[in-house]
Amino acid sequence: MEISRYWTTATILIIGASIGTYVLWRTRKNSAKNKKRKMISRIQNQEQLKLMKWESVGKVVKVFVYPVKSCKGISVESASADFRGLVHQAARDRSFIITTEKGTMITGRMVPATVLIQTTFENNILTLSYPGIEELQVDANQVEKNREIIKAVVWGEEVCGLDCGRDVSLWLEKILRRKCKLLYQADLPATRVSEHALADQCSLLRDDDHSLYADFSGYMLMTTESIANLQSKVSCKIAAEDFRPNILVEGTQKAFDEDEWQYVKMGDAVFRNIVPCQRCIFTTISAQTGKKNSDMEPLRTLKT
110 MEISRYWTTA TILIIGASIG TYVLWRTRKN SAKNKKRKMI SRIQNQEQLK
160 LMKWESVGKV VKVFVYPVKS CKGISVESAS ADFRGLVHQA ARDRSFIITT
210 EKGTMITGRM VPATVLIQTT FENNILTLSY PGIEELQVDA NQVEKNREII
260 KAVVWGEEVC GLDCGRDVSL WLEKILRRKC KLLYQADLPA TRVSEHALAD
310 QCSLLRDDDH SLYADFSGYM LMTTESIANL QSKVSCKIAA EDFRPNILVE
360 GTQKAFDEDE WQYVKMGDAV FRNIVPCQRC IFTTISAQTG KKNSDMEPLR
410 TLKT
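The numbering used here puts the first residue of the sequence shown at 110, with every later residue one more than the last.
Please keep in mind that the hints were generated in silico from the structure rather than gathered at the bench. By construction, the Cβ of each residue, glycine as well, lies at the ideal position given by its N, Cα and C atoms.
Label pairs and their calculated CB-CB ranges:
1) 209 - 158: 42 to 50 Å
2) 257 - 227: 23 to 31 Å
3) 162 - 213: 45 to 53 Å
4) 240 - 168: 31 to 39 Å
5) 404 - 170: 24 to 32 Å
6) 258 - 287: 19 to 27 Å
7) 359 - 160: 26 to 34 Å
8) 296 - 243: 27 to 35 Å
9) 403 - 234: 34 to 42 Å
Derived DSS-like pairs: lysine-lysine, alpha-carbon spacing no greater than 27 Å straight-line:
10) 346 - 363
11) 211 - 260
12) 401 - 346
13) 171 - 401
14) 283 - 401
15) 168 - 346
16) 400 - 171
17) 400 - 342
18) 401 - 342
19) 412 - 363
20) 342 - 412
21) 211 - 283
Kindly produce the complete structure, drawing on both the sequences and the hints.
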């Protein structure tokens with residue numbers, strides 16, 4: 110199903126290295142006022158990276174990992190990062206996905222209750238919990254041993270995952286009120302390539318930019334200043350968690366300052382700013398209550 114998606118207070122980033130709670134540095138684009146993205150020169154090697162001039166722009170205050178797509182995220186003190194997304198201990202960002210029996214992804218856009226499903230992933234055991242329902246554990250080692258590969262579709266692209274079994278399907282059906290499956294990416298190849306339809310807007314996009322079950326790329330960054338700016342324009346209470354970022358930054362010069370960043374550096378990790386994140390009706394669902402805003406906020410304001 111095609112969903113209309115809109116610009117929001119976020120920036121999508123792609124990386125490779127390791128991340129912690131660092132002061133944030135960035136290089137600024139040549140023309141921040143130009144809405145059309147011009148071709149940006151890419152860093153080709155470590156020598157070019159050493160010659161780049163960096164400016165301190167803030168600090169990372171929160172890092173989120175979402176083991177199961179659309180379920181509640183985990184706030185962590187640190188995480189490692191590779192080309193597909195953040196990893197905290199054994200928990201890889203969006204490495205699990207809920208689908209219908211026919212393989213169509215199920216997200217909070219369709220079933221808001223998914224955002225209230227809490228997740229932990231320790232010692233290769235995924236634990237799912239939900240208010241009023243006994244928690245369930247999924248042994249990822251056993252899932253990999255069974256190795257029942259299922260095909261699914263994420264935004265029109267075919268993906269594969271390992272079926273996590275009937276027990277978790279029945280557990281999820283109690284909450285989502287529909288037949289479904291939980292799939293685990295595990296060690297299967299990540300074949301999804303970030304949307305080349307947006308290549309004209311994404312001069313830093315590369316052919317080897319892959320993500321697991323995330324909508325676009327493996328990373329999404331937001332700033333508290335941008336969230337505060339949006340909050341001043343809407344009457345409903347909003348939180349960073351409603352936008353499901355991976356990296357939350359504070360201390361920027363102004364709201365939406367992140368839109369002007371070209372490369373971002375955290376410790377030894379260097380990110381490319383690919384494109385402003387397009388958002389949808391998911392932003393109207395509170396991460397705290399799982400309820401949709403009746404006035405379609407803050408999406409209505411984001412569209413203006």
